[in-house]
Amino acid sequence: MTEPRVVIIGVGNPWRGDDGAGWVAADLAAARLSPGADIVHSDGEPARLIDAWEDADLAIVVDAVHSGAASGRIHRLDAAGVVARPASRPTGSHALGVVDAVRLGAAVGRLPRRLVVFGIEVADTGPGRGLTPDVARAAQTVAHSIEHEAGTSRPGRLGGFRDA
Amino acid sequence: MTDDENSARTLRVDSLARVEGEGGLRVEIVGDELRDVELRIYEPPRFFEAFLRGRKYTEPPDITARICGICPVAYQMSACNAIESLCGVTVDGPLADLRRLLYCGEWIESHTLHIYFLHAPDFLGYDGAIEMANNQREHIQRGLDLKRIGNQLVALIGGRPIHPVNVRLGGFYRVPIEEELRAFLPQLERARDLALSTVRWVASLPTPEFRHDGELVALRSPGEYPITGGRLVSTAGLDIGPSEFTGHVVEDHRAHSTARHARLRERGAYLVGPMARFALNFADLSPGARSAAAAVGLGPDERNPFRSIVIRAVEVLHACEEALAIIERYRQPEEPARPVEPRAGVGFGWTEAPRGVLWHRYALDHEGTILDVRIVPPTAQNQPSIEGDLFQFVAAHLDLADGELARHAEQIIRNYDPCISCATHFLDLTVHRT
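In order, the protein sequences belong to chains S and V. 0 is the number of the first residue of the first sequence in numbering that gives the first Met the number 0; add one for each residue after it. 0 is the number of the first residue of the second sequence in numbering that gives the first Met the number 0; add one for each residue after it.
Do not rely on the hints blindly, as some may be mistaken.
Said to hold, decoys possible - Facing chain S, a subset of chain V residues (Cβ under 10 Å, in silico):
no.: 1; residue: I129
no.: 2; residue: N133
no.: 3; residue: R136
no.: 4; residue: V174
Unchecked claim - Here are the computed distance ranges between Cβ atoms for each label pair:
no.: 5; chain 1: S; residue 1: H143; chain 2: V; residue 2: R328; range: 44 to 54 Å
no.: 6; chain 1: S; residue 1: R31; chain 2: V; residue 2: R173; range: 49 to 59 Å
no.: 7; chain 1: V; residue 1: A282; chain 2: S; residue 2: H74; range: 50 to 60 Å
If you are wondering where the hints come from, they were derived from the structure by calculation, not from laboratory data. Ideal Cβ positions, reconstructed from N, Cα and C, are used throughout, including at glycine.
Take the sequences, apply the hints, and build the full model.
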C-alpha cells in the first residue's frame with residue numbers, strides 16, 4: 000500500500016508583512032511534521048496551486064485573508080465550503096487567488112482527495128518582512144492544527160520543500 | 000449610477016478583472032461626442048530603476064526578475080544582455096540555447112495563462128475562467144496541462160517556476176546534463192500537440208471586426224524568431240540597435256498615469272507584442288507554427304487585435320517546437336557561465352518579453368557599481384496604442400449601454416495582455432457622460 004501524499008501549501012508574499020503568514024505557518028508545520036509532508040511556497044497563482052495539490056491525498060492551504068475581522072482570527076474551510084462562498088470580482092494584482100483556484104479545480108475535477116484551507120486575518124501588509132504579534136500567534140496555532148489534520152492522514156514518506 | 004438624470008451619467012466598474020496588475024480606465028463622453036479615453040494608472044511607481052543604483056553589476060538579473068511574476072525571465076535576459084554587452088561578453092552556443100529554452104518556457108506559461116484564463120472567457124461571454132470551466136471543461140483542462148509544462152520547463156532550467164534563481168551574468172549557476180533535458184522531451188511533445196489544438200480552438204472563437212493601423216515594432220534576428228535579441232524594426236522602416244533606442248523613442252509622464260508613455264519621436268504611438276512580432280517575423284516561425292497559422296487563415300498582414308489570441312497560440316506552438324529542437328541538439332557546455340568582468344560605461348540590451356520588447360540600460364563605474372538604470376517595459380510602450388484602439392471603438396459605439404461599453408473596453412485592453420505589474424498598474428473603469 001502506498002503512503003498517502005500530504006502537501007502543505009503556504010500562499011502569500013513574505014516581503015509584505017502579514018501576507019507572509021501562509022509561508023510561516025507552512026514552515027512551522029514542516030518542522031512539526033518532519034519527516035512528513037511536502038511543503039510548497041506559492042504566490043497563489045491558480046494553475047500552479049492546482050499542480051501542487053492535484054495528486055495529493057490531503058492538501059492543506061494557508062493564506063492571509065482580510066475580511067475586516069480581528070487580526071489573527073483563523074478561518075477554516077473545506078473544498079465545499081470554499082466553492083459555496085459567494086463569488087467576488089478579483090481586485091488583487093494577481094487577479095485570481097486561492098478561492099478561484101479551488102473553484103477552478105472543482106469545475107475541472109482537479110482537487111486533492113481532501114482539501115483544507117486555513118485563512119489568517121492580517122493587520123499589516125506593508126512592505127517588509129515579519130508578522131505582527133497576533134498574526135504570528137495565529138500562524139503557530141494553524142501549524143498546530145495542520146499537524147492535527149495531517150496526523151489523521153499519517154504521512155509516511157520523506158517530504159521536501161518546493162516553490163510553486 | 001446616475002449623477003443627473005438630464006445631462007450627466009457616471010458609470011463606475013470597480014475592478015477591471017483579468018488584467019495583471021492594478022489600474023483603471025476613464026472614458027469621457029460629452030453629448031454625442033467622445034472627448035477622451037485615458038488609461039489611468041494609480042499604483043505608485045515601483046522605483047526599481049532608483050533602487051538598483053549603488054548595487055553591484057551582477058545583481059540586476061535577480062532584482063529585476065521581481066518586477067513581474069509572469070515574465071521574470073524577460074527581465075533577467077534583458078538585464079544580462081545589457082550588462083554583458085557593456086562588459087564585452089558574448090554568450091553563444093549551448094548557453095545561448097539554454098537561455099532561449101528558458102525563455103520558451105516563459106512564453107508557453109505566460110501566453111497560456113492569458114489565452115485560457117484571462118482572454119478566452121471574453122469571446123465566449125463568460126465572466127471568467129471559473130464560469131467557463133463549468134461548461135468548457137475540456138478546454139480549461141488543456142490550458143492547465145499546457146501551462147504546467149511551461150512552468151516545468153522554466154523550473155527545469157531556472158531552478159523554480161517563478162522568479163528563477165539559476166540565471167547569472169554570462170550564463171547560469173548550473174547547467175543541466177543532457178539526460179535531464181532529454182527526459183523532458185515527451186512532455187514537450189505533448190505540449191506541442193496541446194498547442195496545436197489551442198491554435199485550432201482559439202481560431203474558432205467568434206471575433207469582432209476591428210483593425211489596428213498603427214506602426215508595429217518588434218525585434219528581428221536573422222534566421223530565428225525574435226526572443227533573446229536582434230535589431231528593432233518596424234512596419235514603417237525603423238531599424239535600430241539597442242543603444243539607439245532613446246534616440247527614436249521618447250517617454251513622457253501623464254497626469255492620469257504613474258507609468259510613462261512611450262512614443263516614436265517621429266511618428267507617435269506604436270505597438271509591440273505578439274501581433275508586431277508575428278507581422279515582422281512570420282518567415283522565421285517554426286515550420287509547424289507557420290503551417291498551423293496558415294491553416295486557420297492567419298498571415299503576417301493580420302491587423303485585428305482581437306485575433307491576437309490566435310497569434311499567441313501560434314507563438315506557444317513555436318516555443319514548443321523551438322524548445323524541442325534546442326533539446327535535441329543540446330550538448331552540456333564545459334562551464335556554466337562565461338566570466339563577466341565589470342567595465343565603466345553604458346550598456347544597452349533588449350529581448351522580446353511575451354508582451355513585447357523590453358529595453359534595459361545600465362551605467363556602471365569601473366568597479367561595476369550601478370550608477371543609473373532605465374527600463375522601458377512593453378506595456379508602457381503600448382499604452383498610447385491601447386488608448387487609440389479604445390477611442391476608435393468607443394467613438395463608433397456610443398449608442399451602447401454603459402455596461403456593454405465597459406465590457407467591450409475591457410476586452411480591447413485584454414487584447415494586449417497588459418502586464419501592468421511591469422508598467423505599474425490598473426484595474427478600475429469609469430465611463431463619464433455629460
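Ascending list of hint numbers which this structure does not respect: 4 and 6
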